[in-house]
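The listed protein sequences derive, respectively, from chains A and B. Counted the way the working numbering counts, the first sequence spans residues 1 to 320. Counted the way the working numbering counts, the second sequence spans residues 1001 to 1324.
Quick caveat, the hints were computed from the structure, so don't treat them as lab data. Glycine residues also receive a C-beta, built at the ideal position from the N, C-alpha and C atoms. Check each hint, because a few of them may be wrong.
[Claimed, not checked] To give an idea of the chain A side of the interface with chain B (calculated C-beta under 8 Å), a few residues:
| hint | residue |
| --- | --- |
| 1 | Glu146 |
| 2 | Ala220 |
| 3 | Ala258 |
| 4 | Ile259 |
[Said to hold, decoys possible] In the DSS-like style, the derived pairs of lysine-lysine whose C-alpha atoms are separated by at most 27 Å in a straight line are:
| hint | chain 1 | residue 1 | chain 2 | residue 2 |
| --- | --- | --- | --- | --- |
| 5 | A | Lys161 | A | Lys111 |
| 6 | B | Lys1297 | A | Lys266 |
| 7 | A | Lys265 | B | Lys1071 |
| 8 | B | Lys1266 | A | Lys6 |
[As the list claims (entries may be wrong)] Some chain A residues near chain B, calculated using beta-carbon distances under 8 Å:
| hint | residue |
| --- | --- |
| 9 | Glu45 |
| 10 | Pro108 |
| 11 | Val109 |
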Amino acid sequence: MASDQKVLELNDLNVHYFTPRGAVIAVNHVNLYVKKGEIVGLVGESGCGKTTVAMSTLQMVSAPGRIVGGEIKIEGQNIVNLPEKELRKLRWSKLALIPQGAMNSLNPVTKIKEQMADGITAHEKISGAALRDKVLKLLNDVGLPERVYNMFPHELSGGMKQRVCIAMAVALNPAVIIADEPTSALDVIVQRVVAQTLLDVKNRLGVSMIMIGHDMGLLAQMVDRVAVMYAGNLVEVGPVGSIFEHPYHPYTQLLIDAIPSTKQKKPLKVTEGLTHDLRNPPPGCCFQFRCPFVRDACRQKPPEFKQMEPDHFVACVQYN
Amino acid sequence: MEQPIISIQEATKVYGGGFLASSKPFVALDRFSLDIFESQSKIVTIAGESGSGKTTLANMVLGFTLPTSGKILYKGQDVATMTREQRRTYRKEVQAIFQDPYEVYNPFYRVAHIFNMVVRHFNLTRNKQEAQQLIEDALNVVGLRGDEILEKYPHQLSGGQRQRIMVARAYMLRPRLIVADEPVSAVDASLRAMILDIMLKLRDQHKISFLYITHDLSTAYQISDKMYVLFQGTTVERGNASKIIEKPQHPYVQELIDSIPVPDPKLKWDTNITLPSEEVMRMKSSVGCRFYPRCAKHMDVCTKSFPEYVKVEDDHEVACYLYK
């Protein structure tokens, strides 16, 4: 279970994309930490900056994006502005990624064994039978049969490819795994199998995880803490039970209400309004254009984070 | 007896297996039957996992591919043998909305072009003013205004606007049936509600029926009237959507509904499920129940022939030997 040791800390992280018509503020003063053995779910709608947070943690934001402020600490070590050579050593061994649409991230012309060995040999001096045993053990860990070792990606189903990606992510026993929508594009039964595999791997290795997604239902099943993001800002962070029981921020309430249920029929909740232009955020709260409870104070200055329950923080004017 | 607007009769689609083919023929859809009547507009869900034949069915209803055997009748007329004139009406009255609102637009044209092209092609109006009015009306139905979006390029629109424009375009032709192929699986939660809400409105106020193709049973439960659950081309359970989801009978449908993540951290999945190995999954018998290799309750009889549909209650049928 989660201990108090913080494995990953994002302190006041700011990431901007520099376009000819001004900087897009994709990540705005984000503070987040992950404790050892914990899964943190990062949710929000498309374009809210979830993936940018993930990529900037790995220092892989692509141009014109750049980290303009803040620090990223892995096991206490700040890795912002570390030289590329040092970063290469950290990636995969300390910080692993299960990319979005992982099933399409495998190289179609090399066998699974070669792709897995490639990452491992880049970091460790290991070869021959020992390497083979290591790869086979990893495949076994994620519930794949031995023959996958000698197969090409096209011979595997979507769920199996996804599990190969999980095996690759845990290969070097990283401190943190970032899973960017690891089960999107899979149907529900396969999604459940992949989710089980992730949980199982996490429990056995005690690895910490940031799980990005927009399916609140799946997050409720998997994560320990939830961080809700809207337009580049975190709006609510808290333990999963507390968030589902008392969502304080109107946006979190909206996300939870929008989960379609199979238990009862309820009228569909339609929200109007558009997100502001991220190049030019309004003064005050980032959610003011879509919030049903908006009032004058929301347009003045951005709300501060306030603790509502143990470990459960919300940034909303209502509670300031 | 009223004539259905669309009647699918034992439609089967087989790919491959031709004279020179080396591999065995692949049955994408096996004897699928469905009737939709004009007088009662309905949202009919076709549910199933990837590879279950959902999209094959959509393509056949839209007339993109023809069934290998069986028939698709549009107002009593076989789609395969339509005259040019009949086909034109058919194309007008059966419309489609696709999965990804980002990929269906040509980025070089303004939004107005999409509408003007349709107006021109089907000669919907006599003059420009009428055309303007028609387009404006269609946009209003989906909650958009013409002056806001018609002169924009697709990249200037949000995902929700794009998908709503596609619905407006389909609606403008006053179709009787809209085939919606995963219209909400690429959009996020708040947009999803908006699109589904528009579908309900079109059904109730404008009497348009939908063939709603999805793998998401929870949205199907919220909006649809009838449901067909496909598994590897066969229909395993069919009938009233609420009845199927509340009391699933077929082991596959039970597993499917059990796997929908419950949005409550206190109710976690308690059992683990395992999928059989890849060979077993691919080894499908072409005569018996297709779910046999994955079924926990399988019996010898399951491989002999495909089970008959058993009526478990009013408007709810299942194809499984467990119910006799």
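Verification of the hints:
At its closest, the beta carbon of Glu146 of chain A sits 11 Å from a beta carbon of chain B; the interface hint therefore is violated under the 8 Å criterion. Proximity of Ala220 of chain A to chain B holds as hinted, the smallest CB-CB distance being about 5 Å (cut-off 8 Å). For the restraint placing Ala258 of chain A at the interface with chain B, the shortest Cβ-Cβ distance is roughly 4 Å, inside the 8 Å limit, so the hint holds. Interface hint at Ile259 of chain A: satisfied, since its Cβ lies 4 Å from the closest Cβ of chain B, which is below the 8 Å cut-off.
At roughly 12 Å between alpha-carbon atoms, Lys161 of chain A and Lys111 of chain A fall within 27 Å of each other, so this suggested pair holds. Taken as a hint, the Lys1297 of chain B and Lys266 of chain A pair is broken in the structure, with Cα atoms around 34 Å apart against an allowance of 27 Å. For a cut-off of 27 Å, the pair hint linking Lys265 of chain A to Lys1071 of chain B is broken: about 35 Å separates their Cα positions. Proximity of Lys1266 of chain B to Lys6 of chain A is assessed by CA-CA distance (about 25 Å); at most 27 Å being required, the pair is judged to hold.
Checking Glu45 of chain A against chain B by beta carbon gives a least distance of about 4 Å; that is within 8 Å, so the hint holds. About 18 Å separates the beta-carbon of Pro108 of chain A from the nearest beta-carbon of chain B, more than 8 Å, and the hint is not met. Hint on Val109 of chain A is violated. Least Cβ distance to chain B is approximately 20 Å, over the 8 Å limit.
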